[in-house]
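Enquirer: Residues per chain are reported as follows:
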Amino acid sequence: MTGLAHERAQRLGEVILALDGVSLSFGGVKALSDVSFDVREHEVRAIIGPNGAGKSSMLNVINGVYHPQEGTIRYLGREYHDMDPHEVAVSGISRTFQNLALFKGMSVLDNIMSGRNLKMHSNILLQALRIGPALREEIAQREVVEGIIDFLEIQAYRKTPVGQLPYGLQKRVDLARALAMEPRILLLDEPMAGMNMEEKQDMCRFILDVNDEFGTTIVLIEHDMSVVMDISDRVLVLDYGKKIGDGTPDEVRANQAVIEAYLGVSH
Amino acid sequence: MSKHWPVLTLGAVLLAGLVLPLATGASPPGFYVEVLLGGLMAGVLYSLVALGFALIFKASGVFNFAQGSMVLFAALAVARLAEQMPLWLAILLATVIMFGLAWLIERLVLRPLVNQEGVALLMATLGVTYFLDGFGQTLWGSDIYKIDLGIPKEPVMILDSVFQGGILVNKEDFVAAFIAAMLVAGLVLFFQKTATGRALRAVADDHQAAQSIGIPLNRIWVIVWSVAGFVALVAGVIWGSQLGVQFSLSQVALKALPVVILGGFTSIAGAIVGGLIIGVGEKMAEVFLGPILVKAFDLAGGGIENWFAYVLALLFLLVRPEGLFGEKNIDRV
Numbered sequence: 001m002t003g004l005a006h007e008r009a010q011r012l013g014e015v016i017l018a019l020d021g022v023s024l025s026f027g028g029v030k031a032l033s034d035v036s037f038d039v040r041e042h043e044v045r046a047i048i049g050p051n052g053a054g055k056s057s058m059l060n061v062i063n064g065v066y067h068p069q070e071g072t073i074r075y076l077g078r079e080y081h082d083m084d085p086h087e088v089a090v091s092g093i094s095r096t097f098q099n100l101a102l103f104k105g106m107s108v109l110d111n112i113m114s115g116r117n118l119k120m121h122s123n124i125l126l127q128a129l130r131i132g133p134a135l136r137e138e139i140a141q142r143e144v145v146e147g148i149i150d151f152l153e154i155q156a157y158r159k160t161p162v163g164q165l166p167y168g169l170q171k172r173v174d175l176a177r178a179l180a181m182e183p184r185i186l187l188l189d190e191p192m193a194g195m196n197m198e199e200k201q202d203m204c205r206f207i208l209d210v211n212d213e214f215g216t217t218i219v220l221i222e223h224d225m226s227v228v229m230d231i232s233d234r235v236l237v238l239d240y241g242k243k244i245g246d247g248t249p250d251e252v253r254a255n256q257a258v259i260e261a262y263l264g265v266s267h
Numbered sequence: 001m002s003k004h005w006p007v008l009t010l011g012a013v014l015l016a017g018l019v020l021p022l023a024t025g026a027s028p029p030g031f032y033v034e035v036l037l038g039g040l041m042a043g044v045l046y047s048l049v050a051l052g053f054a055l056i057f058k059a060s061g062v063f064n065f066a067q068g069s070m071v072l073f074a075a076l077a078v079a080r081l082a083e084q085m086p087l088w089l090a091i092l093l094a095t096v097i098m099f100g101l102a103w104l105i106e107r108l109v110l111r112p113l114v115n116q117e118g119v120a121l122l123m124a125t126l127g128v129t130y131f132l133d134g135f136g137q138t139l140w141g142s143d144i145y146k147i148d149l150g151i152p153k154e155p156v157m158i159l160d161s162v163f164q165g166g167i168l169v170n171k172e173d174f175v176a177a178f179i180a181a182m183l184v185a186g187l188v189l190f191f192q193k194t195a196t197g198r199a200l201r202a203v204a205d206d207h208q209a210a211q212s213i214g215i216p217l218n219r220i221w222v223i224v225w226s227v228a229g230f231v232a233l234v235a236g237v238i239w240g241s242q243l244g245v246q247f248s249l250s251q252v253a254l255k256a257l258p259v260v261i262l263g264g265f266t267s268i269a270g271a272i273v274g275g276l277i278i279g280v281g282e283k284m285a286e287v288f289l290g291p292i293l294v295k296a297f298d299l300a301g302g303g304i305e306n307w308f309a310y311v312l313a314l315l316f317l318l319v320r321p322e323g324l325f326g327e328k329n330i331d332r333v
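So the protein sequences, as listed, match chains F and A.
My numbering applies: residue 1 is where the first sequence begins, and numbers increase by one.
My numbering applies: residue 1 is where the second sequence begins, and numbers increase by one.
By construction, these hints were calculated from the structure, which means they are not laboratory data.
Ideal Cβ positions, reconstructed from N, Cα and C, are used throughout, including at glycine.
Hints may be right or wrong, so weigh each one.
Okay, derived cross-link-like pairs now, DSS-like style, lysine-lysine, Cα gap no bigger than 27 Å in a straight line [unchecked claim]: (1) K159(F) with K119(F); (2) K193(A) with K119(F); (3) K159(F) with K200(F); (4) K30(F) with K159(F); (5) K193(A) with K171(A); (6) K30(F) with K104(F); (7) K200(F) with K104(F); (8) K146(A) with K159(F); (9) K171(A) with K104(F).
DEER-style ranges, computed between Cβ atoms [unchecked claim]: (10) L208(F) with M123(A): 47 to 53 Å; (11) G28(F) with L113(A): 38 to 44 Å; (12) V96(A) with L135(F): 49 to 55 Å.
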């Protein structure tokens with residue numbers, strides 16, 4: 001084990017999220033069957049698999065958009081049958097989207113500020129008039145957001161309507177909005193999809209920085225295997241809704257079932 | 001530039017229609033201003049109802065056919081309650097009722113239909129329309145009722161030193177326009193400056209993303225429908241005090257439909273400007289275009305006011321389907 005990898009392995013904490021025997025179907029179509037895996041605190045956990053393997057479904061089970069028919073989800077010591085999107089957000093899980101789901105009509109700043117919504121409590125009348133405690137609150141929240149803007153190097157685009165930005169930058173705003181929630185667990189749905197090599201490298205750097213500096217646990221779905229292998233601690237491999245591999249990048253790379261799923265095999 | 005010519009042509013024709021009566025001397029200036037003001041006043045009320053449409057469409061993508069019925073329902077509630085108690089208390093109570101109604105609609109109609117096709121939701125609001133029309137009359141009665149705001153209705157003569165014969169205006173109209181303007185300003189502040197407003201805009205843009213940052217969709221919908229209910233109440237009270245509270249209110253309110261087509265479904269500014277254009281346009285058409293048409297085609301009468309708004313909306317649909325301020329919809333195929 002190299003020094004760096006050793007250091008990274010050291011910082012991993014307890015299991016904070018564990019899915020046990022989760023099955024999800026839509027009508028007759030099984031999206032996930034009997035999948036179990038866990039996520040440890042401060043970990044970069046990847047979920048990979050070919051198209052239609054059930055990666056996004058898995059993410060949507062975790063953040064409460066889909067409700068699995070079977071299985072349990074243990075999160076922060078409590079056991080759930082399914083999750084509720086609002087509770088999930090309140091309890092510190094945020095996410096980004098594969099096909100950008102930004103608020104197109106709003107500026108970059110407003111998009112990111114919307115991630116602080118749960119933290120704003122002042123009286124709505126005072127907010128409208130921007131006076132007293134509401135003004136102080138808005139300024140305090142704005143400071144946090146400015147920190148994130150600096151962190152992701154999007155200072156130049158604060159006031160730009162988000163729809164006008166190039167794709168790579170929009171992805172970054174998506175990440176910024178999720179970070180604004182100061183999540184414990186950050187779910188990233190194909191953060192590098194559709195990016196060129198340079199943008200991919202930038203995004204990798206940001207993901208690792210978030211993990212290092214804020215200690216945020218990261219669950220990441222990715223199509224591109226090479227990228228994942230470089231930045232993840234452990235990798236879960238899905239194929240047709242079933243778990244076919246789980247372990248360190250090296251273990252997964254050597255796994256025969258994974259190789260077959262990715263490269264195909266002649267029968 | 002060339003692809004803008006249909007819009008420009010329509011704009012030019014409308015502008016010419018607006019200016020010609022005065023320019024050709026067909027109308028004395030005083031009378032012209034009077035018609036213009038009358039149109040603006042009516043337009044403000046159209047704007048109010050259209051605002052209700054736009055709010056709900058913006059936040060939930062639902063075309064709320066029931067907006068007109070909400071106006072009638074609110075006006076009936078105020079009118080009947082005011083028979084038992086002071087007007088301010090009746091308005092307060094009716095507001096609470098409209099909020100309750102919003103909560104019920106979210107619970108019983110919207111929540112079960114979440115993530116369904118837009119058409120299903122439209123049909124559902126159509127159902128709400130008939131229910132509210134019927135239930136409102138069962139609850140409050142089906143006669144014509146009065147709402148007395150305590151503002152003198154007699155027209156007063158102003159500016160008689162500037163225009164020959166002066167201008168007849170209605171004080172109540174001015175109060176109505178003022179209230180509507182305040183309401184609009186309040187809504188704009190609410191939408192642009194508050195965290196809740198930001199949440200509303202977020203929901204409007206993307207349901208799923210809004211959910212992911214912890215915005216509770218259900219609560220947002222209750223808020224939006226409550227605000228729309230309150231806007232309907234204000235429109236209902238003002239309209240009711242001028243026309244009397246009766247079933248036709250919900251029909252008049254349907255004029256908001258061309259207004260939102262004109263202004264753009266998702267735009268608050270569009271609802272306001274659209275309302276004013278329709279209000280002024282139909283009054284102008286009735287007064288100045290009507291007699292010309294009657295003479296030219298030997299018609300029985302004018303009545304342009306009743307259909308002008310719809311024809312204008314149709315023209316806009318042809319040349320600028322997204323409306324004046326609406327977002328242009330570009331779908332990836």
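Enquirer: Run every hint past the structure and note whether it holds.
Expert: Structure-based check of all given hints:
{"no.": "1", "hint": "K159(F) with K119(F)", "verdict": "22 Å, holds"}
{"no.": "2", "hint": "K193(A) with K119(F)", "verdict": "16 Å, holds"}
{"no.": "3", "hint": "K159(F) with K200(F)", "verdict": "25 Å, holds"}
{"no.": "4", "hint": "K30(F) with K159(F)", "verdict": "44 Å, violated"}
{"no.": "5", "hint": "K193(A) with K171(A)", "verdict": "33 Å, violated"}
{"no.": "6", "hint": "K30(F) with K104(F)", "verdict": "34 Å, violated"}
{"no.": "7", "hint": "K200(F) with K104(F)", "verdict": "23 Å, holds"}
{"no.": "8", "hint": "K146(A) with K159(F)", "verdict": "50 Å, violated"}
{"no.": "9", "hint": "K171(A) with K104(F)", "verdict": "43 Å, violated"}
{"no.": "10", "hint": "L208(F) with M123(A): 47 to 53 Å", "verdict": "50 Å, holds"}
{"no.": "11", "hint": "G28(F) with L113(A): 38 to 44 Å", "verdict": "24 Å, violated"}
{"no.": "12", "hint": "V96(A) with L135(F): 49 to 55 Å", "verdict": "31 Å, violated"}
In summary, the structure is inconsistent with hints 4, 5, 6, 8, 9, 11, 12 from the numbered list given earlier, while agreeing with the others.
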